[in-house]
Amino acid sequence: MSESLRNDGRVWVPLRAGDQRPPGQIPEAERDYYLERRYPSFGNLVPRDVASRAAKAVCDENRGVGPGGRGVFLDFSDVISRQGEAVVRERYGNLFDMYERITAENPYKVPMRIYPAVHYTMGGLWVDYNLMSTIPGLFVLGEANFSDHGANRLGASALMQGLADGYFIIPYTIGSYLAGSKPGSGSADQPEFDAAKAQVRERASRLLARRGRRSATSFHRELGKLLWENCGMARTAAGLKQALARIPELREQFWREVMVPGSQEELNQSLETAGRVGDFLEFAELLCRDALTREESCGGHFRQEYQTPDGEARRDDARFAHVAVWEHRGDGAEPLRHTEPLSFENVHLAQRSYK
Amino acid sequence: MNLVLMVWRQENARAQGHMQRIEAKDVSPDMSFLEMLDVVNEGLTEAGQSPIAFDHDCREGICGSCGVVINGVPHGPQPGTTTCQLHMRHFRDGQVIVIEPFRARAFPVIRDLMVDRSAFDRVIAAGGFITSPTGSAPDGNAMLVSKHAADTAMEAAACIGCGACVAACPNASAMLFVGAKVSHLGLLPQGQPERWSRVHAMVAAMDAEGFGGCTNFLECAAVCPKNVSSDFIGRLNRDLIGAVFLARPRVASNDAG
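Note that the protein sequences, when read in sequence, are chains A and B. With the numbering used here as the guide, the letters of the first sequence map in order to residues 42 to 396. With the numbering used here as the guide, the letters of the second sequence map in order to residues 30 to 286.
Because the hints were derived from the structure by calculation, they are not lab data. Warning: the hint list may mix true and false statements.
[Claimed, not checked] No farther apart than 20 Å at their CA atoms in a straight line, the calculated lysine to any residue pairs in the SDA-like style are these:
| no. | chain 1 | residue 1 | chain 2 | residue 2 |
| --- | --- | --- | --- | --- |
| 1 | B | K54 | A | S259 |
| 2 | A | K150 | A | V120 |
| 3 | B | K176 | A | A127 |
| 4 | A | K97 | A | W269 |
| 5 | A | K266 | B | V68 |
| 6 | B | K176 | A | G134 |
[Said to hold, decoys possible] These stretches of chain A come out as covered by chain B in the derived footprint (C-beta under 8 Å, 3 or more residues):
| no. | stretch |
| --- | --- |
| 7 | 208-221 |
| 8 | 308-322 |
Ideal Cβ placement from N, Cα and C applies to all residues, glycine included.
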């Protein structure tokens, strides 16, 4: 569900581990409003990385709620009794309806159950200040580029970045590129196009020729679980190394054993999925490599080895106050890490506290 | 729960289609309809058969990609709910579920349950751009919009362009879709300069795409997953009448593309 719900909802879990009572039967004194307790000044409005880790922590203590125990309550009863249901409906009606469709529970009456999940990420394709990528003429706008989010993804900003890039930046920057190129000078009957087409056909043929035993979706699931465990909300060097050892094996198995039905002469969603999973198997390795190299905790990147005594992220600005840009150097070749330093002229870097 | 699916299978736009009987076993009531189809597709793939092609993207009910006809109703039995947000708890164990694509002449079948809805894109493109300076942030109070206009425009903008309205209409009319798109801009100050030429161009494009006329069955509003009101059809007709008197139809250009 949308992060905006935390503006009015209060997050809590039962105080006692293994408490299976429905939320209405747990008295106030036996509830742990853990965000308000740990972060009295920010409370339920701490940034999403902090809120996510705190939710994971209480669930790891066996205090999670709902089937599977991976959930915390997001409770609107206070705001409803203070401001009325109509006000809450006006603000969040669509989200409440969506929640009810998925869970068959009425969040006006019983607290929502929420848990962090994979969503948009902070990184993207490298672009210059004109939003042009390393390929001349290829501009990358919106969340596909890396430029706006730092170590933490800004909330509710998929539209923001699309609008900011499209409305404020590209109208000023694309002109200078267009001025230097002749319209209509490019065409598709060039050897580069034929080579690219042949490469795509060859890759698709390779996927279709296997006729193995496992669907691309099953590889996708295994890869997703591996990353969720080892490159998710809490990371360690040991876990990342384990994932970096496993991903090449999985990739090799994928190209040997994947089963893709159909042909490439027709619409084939299985082939599309397989092509994407093939890409994910490359990209997952890069994510882990990047997380292993960055020996600090910062925003959504939390390395368990690098934390303050009270469990908060500990940055290392002397070594890591930079953006890492990985250069693809061909299939199978190790990517090259470039850095772009982050310099702050007016506001200086400091450890932030939400306590 | 166990279900029997009767699914429309069609290899491409030119091929003859047919219904295929597929058993869906051990379906969890907490699955969404599309998750149920995912599981069925895994089974078909493992059995060496071709999986059912269907459109989907966000699975949050906001993108407009998904949509199939379930037991005769576009998006299925839950009012105000897209196919991706429909959950299996609304079906009974052992039930037979008939799944078909959205059917309309303007929406040719691509494969199985996927139809080509690019006719909608062409109608939108015909509407063209709005005149608006870009490059700098607009001043916050330069353009006042009343709460009523903002809310009504928002209700029109809720249209996700899924095409259920067309699939539900006996005439395969796209009036609710076009009404929503015309009203969304027509209600706001930003949409005023091109208001009359826009409605002309969009209605012309709608007719050219082969959508039928509106004869007030209002099945469209009944199945709309975003509850877009049929009032917007009234607004569309009023704007079109206004356009006839107030503006000469401008030839739609392709500048918007």
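Quick rundown of the hints versus the structure:
1. B/K54 with A/S259: holds, 19 Å
2. A/K150 with A/V120: holds, 12 Å
3. B/K176 with A/A127: Given pair B/K176, A/A127 holds - Cα atoms ~17 Å apart, limit 20 Å.
4. A/K97 with A/W269: holds, 12 Å
5. A/K266 with B/V68: With a Cα-Cα distance of about 18 Å, the restraint between A/K266 and B/V68 holds, given a limit of 20 Å.
6. B/K176 with A/G134: Roughly 18 Å between the alpha carbons, so the hint for B/K176 and A/G134 holds.
7. 208-221: With 4 residues closer than 8 Å to chain B, the stretch 208-221 of chain A meets the three-residue bar; holds.
8. 308-322: holds (count 3)
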